[in-house]
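Sequence order for the protein chains is A and B. The first sequence begins at 0 in numbering that gives the first Met the number 0 and counts up by one. The second sequence begins at 0 in numbering that gives the first Met the number 0 and counts up by one.
Hints in this document: simulated from the structure, not taken from any laboratory. Using N, Cα and C, we set each Cβ at its ideal position, and we do this for glycine too. A few of these clues could be false.
[To be verified] Not everything, but these chain B residues come out facing chain A in the computed CB check (under 7 Å):
{"id": "1", "residue": "Ser186"}
{"id": "2", "residue": "Gly195"}
{"id": "3", "residue": "Glu200"}
{"id": "4", "residue": "Ser202"}
{"id": "5", "residue": "Ser209"}
[Unchecked claim] Below, computed lysine to aspartate or glutamate pairings styled on EDC-like, alpha-carbon distance capped at 16 Å:
{"id": "6", "chain 1": "B", "residue 1": "Lys198", "chain 2": "A", "residue 2": "Asp173"}
{"id": "7", "chain 1": "B", "residue 1": "Lys198", "chain 2": "A", "residue 2": "Asp103"}
{"id": "8", "chain 1": "A", "residue 1": "Lys276", "chain 2": "A", "residue 2": "Glu287"}
{"id": "9", "chain 1": "A", "residue 1": "Lys239", "chain 2": "A", "residue 2": "Asp173"}
{"id": "10", "chain 1": "B", "residue 1": "Lys198", "chain 2": "B", "residue 2": "Asp185"}
{"id": "11", "chain 1": "A", "residue 1": "Lys181", "chain 2": "A", "residue 2": "Glu161"}
[Stated by the list, open to error] Negatives, chain A to chain B, calculated, CB over 12 Å:
{"id": "12", "residue": "Tyr59"}
{"id": "13", "residue": "Ser84"}
{"id": "14", "residue": "Asp103"}
{"id": "15", "residue": "Asp231"}
{"id": "16", "residue": "Asn280"}
Letter by letter, the chains look like this.
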Amino acid sequence: MSSESNTTKSEPTEETTTDESSDRLIDTAAVSTTADESRQQSNSMIADTVIETRNLDVHYGETQALDSIDLEIPENQVTALIGPSGCGKSTFLRCINRMNDLVDSARIDGELFFRGKNVYDDDVDPVALRRKIGMVFQHPNPFPKSIYDNVAYGLRIQDDTENLDERVEQALKDAALWDEVKDQLDSSALDLSGGQQQRLCIARAIAVGPEVILMDEPASALDPIATSKIEDLIEELAEKYTVVIVTHNMQQAARISDQTAVFLTGGELVEVDDTQKIFENPDSQRVEDYITGKFG
Amino acid sequence: MSSETPDIVTSDTDASRTAREQTYRVLFLLCGLLSILTTVAIILTLLGDALTFWNEVPITDFLLGTNWSPQIEGEYGVLPLVSGTLMITVGSALIALPIGVLTAIYLSEYASERIRAILKPTLEILAGVPTVVYGFFALVYITPILENIFPTIGTFNALSASIVVGIMIIPMVSSLSEDAMSAVPDSLRNASYGLGATKFEVSTTVVVPSAVSGIVSSFILALSRAIGETMAVTIAAGSTARLFDGSDPIGSFLLSTETMTAAMINIGKSDVDPTSLTYKSLFAIGLTLFAITFTMNVISNLVAARYREEYE
Ligand SMILES: Nc1ncnc2c1ncn2[C@@H]1O[C@H](COP(=O)(O)OP(=O)(O)O)[C@@H](O)[C@H]1O
Ligand SMILES: [Mg+2]
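Modelling step: build the complete structure from the supplied sequences, incorporating the hints.
This is the structure:
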C-alpha cells in the first residue's frame, strides 16, 4: 500500500476478499505509516475524500431511516453529525463500517465509497473493512478483561502480535490514558472510571491501526471533565485519523469539528459544510431553526 | 380534625393491614423452614442409619474396600460402586459438555430467531422424557448399534449407559449455558465486531469467556445430575459391581457396571430384612452420594461467585 492510494479513488482496495478467504489482508504497520504520510500531505493541500456516499438509503423493515444521503468525509478532519434523535445519525455511522449488516431488518441501498471502493460490493469483506474503520460506542464497552488485554484484543484476533507491548503502550498513549494506567495494565478494565473506560475503548480501536474512527456520542454518558478530556483527545486524533463523530451536543460539534452535517427528522441530510459556516450562517432555514433551538 | 390531619397517620384499617402483613410473613417463614427442616431430617436419618452400619462395618473398610458383594460374601467395599458412578459421569460428560456448549453457542450466536424458537423448547422437552425411557432406549437401540463396533459388548454395559445419560443431560448444559451467553450484553459483541472480529471470534473470545461462570455452573449441575441418575443406568449398565480397570479402559466400558444409585435400587427392591446389615448399607451409600453431590454444588456456587465478581 502506498501513499498514492490516498489520492485516487480508483485504487483497488485492500478490504476485498480474496479466494483464500483470508481476512488478514491488512498490514496495520503499513496503514499507520500511510496515515502519517497523508497527514503531512493534508497539511499542505486540500484534504482528500476518504468516504463518500451516493444516494444512500437505509430501511429497517418498512421504516426509512436514511433518505438518499450524499456526503463526503474529508481525510484527517473531524466531521460531526448532528440532528435530533431518531434522525438516523447512528444508522449513518453504522453504514460506514457495515455494522448494520448485523441488524437483520436493515436494508441498505445506494453506494458508500471508502477510498473509492463501494463497501457494499459483493467482494468486500466487512471483517477486513472494520479493521480499517474503527468504532467507539455511546456507552463505554470494555471487555471484562484486563486493560492490556482490551487494547491487545484487536491485534490478537488478527494474529498480529509482533511488538505487542510497544503497540499497546503506543495506543494507550495516543488515547491519553497511558499515564493513568501504566502501573495497572493487568487489572480489570471494569475498575476504571467511565471516562477512562471510554478512552480505553478509543485505545482499543486505534491499536489495530484504522484509518477512520467512528464515534457515536462518545461522551454522552460521561461527566463534564471526562467529556472535555475526550474532546481534547478527538482533536488530537484528527492529526492521524479521519474522525466521524455523532453528537447531540451542538457546542461540542462547534468546538471540535471541522465539518458538520445536519440531519433532520426523516433521515434527511439537510446541510453539510464547514462547521463555522453551519453554526454562523447556514443556508437552510431549518438548520438555523434547529441550531438556534427553535425545534428538535 | 380528621380532615386536617395529613393522610399518613395510621388508622384502624391500617392496623389490621399490618397484622395481616405479619401473618403472611410468618406463613412464608414457615414454608421456608419446612423445606429446611425436611432437608435436615433427611440428612439426620441418613446419618443415623449410616452410623449404625459403620458400627458393624468400619468406615475405612467401606470407603476403601474394593469388593462389593453384600449378600453373597458380606463384603461392603464401596469403591467399585464409586468407580461405576464415576465412569458413567465422566463418559456422559465427554458427550454432553462439548455438545451442550456447542449447541448453546449455536443457539445464542448463530441460530436465527425462528430456529431458536423451535430448537430451544425441543431440547427442553428432551429433559422431560422419563429416565426409564432413556434406559430402555439404551438397551434396545444404543447397545445393538454399539455391537457393530464392539462385537464383545455386553447386553448391559457402561458405554451405552454413558451415552444415554450424556444425551439426557445435554439439554441442561445447553439451556443453562445459552441463558448465560444470551445474558452477555450486545455492547460487548458490537465492540468485538467493530474491531474486525468474525462471528466465530466474537463467540470464542468474548461471549464464552464472559459467560464462563454460567457455563461452568451448568457443567457442575449436569454432572450432579449424572451422578445421581438412577433408572437409566440401572437398566442400561446392569448390576455387576466392578472396579474400573485402568489397563483396559475401553474394555471396562463394554462390561456391565453397577453405580452407587443402581446398588441402592438393587438392595431396596430385593427382599432383604430391613434390620439387616445389607439393608443399612443402603444408607451409607446414600450418605456418600449425598456428600459427593453436595460438594459439587458448593463448588458450583463458588465458581459462579468467583467469576461473577470478575465480570461485573
Ligand atoms: N435496529 C433497529 N431496528 C429497527 N429500527 C431501528 C433500528 N435502529 C434504528 N432504528 C430506527 O431508525 C431511525 C434512526 O435511528 P438512529 O439511527 O438510531 O437515530 P439517531 O442516532 O439519530 O438517534 C429511528 O426511527 C429508529 O427507530
Ligand atoms: Mg444514535
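So, going through the hints one by one against the coordinates:
This hint holds: Ser186 of chain B has a C-beta 4 Å from the nearest C-beta of chain A, less than the 7 Å allowed. Interface hint status for Gly195 of chain B: upheld, as the beta-carbon distance to the closest one in chain A is roughly 4 Å, under 7 Å. At about 5 Å, the closest approach between the beta carbon of Glu200 of chain B and any beta carbon in chain A falls short of 7 Å, and the interface hint on this residue holds. With 7 Å as the threshold, the beta carbon of Ser202 of chain B stays out of range of chain A, its nearest partner Cβ sitting at about 12 Å, so the hint is violated.
Proximity of Ser209 of chain B to chain A holds as hinted, the smallest CB-CB distance being about 6 Å (cut-off 7 Å). With a C-alpha separation of about 29 Å, the suggested pair Lys198 of chain B and Asp173 of chain A falls outside the 16 Å cut-off, and the hint is violated. For the hint pairing Lys198 of chain B with Asp103 of chain A, the CA-to-CA distance comes to about 15 Å; that is within 16 Å, so the pair holds. Annotation: proposed proximity of Lys276 of chain A to Glu287 of chain A holds, straight-line Cα distance about 11 Å (limit 16 Å).
Distance hint between Lys239 of chain A and Asp173 of chain A is fulfilled; the C-alpha atoms sit about 10 Å from each other, no more than 16 Å. Of the supplied pair hints, the one linking Lys198 of chain B and Asp185 of chain B holds, its CA atoms being roughly 13 Å apart against a limit of 16 Å. For the hint pairing Lys181 of chain A with Glu161 of chain A, the CA-to-CA distance comes to about 20 Å; that exceeds 16 Å, so the pair is violated. Distance check for Tyr59 of chain A against chain B: the nearest CB is about 15 Å away, which clears 12 Å, and the non-interface claim stands.
Under the 12 Å C-beta cut-off, the non-interface status given to Ser84 of chain A relative to chain B holds; the minimum distance is some 19 Å. With a cut of 12 Å on Cβ distances, Asp103 of chain A falls inside the contact zone with chain B, its closest approach being about 8 Å. Even its closest Cβ contact with chain B, about 23 Å, leaves Asp231 of chain A beyond 12 Å, as expected for a residue assigned away from the interface. The claim that Asn280 of chain A lies off the interface holds: its Cβ sits roughly 36 Å from the closest Cβ of chain B, which is beyond the 12 Å cut-off.
This entry does not satisfy hints 4, 6, 11, 14, going by the numbered hints stated previously.
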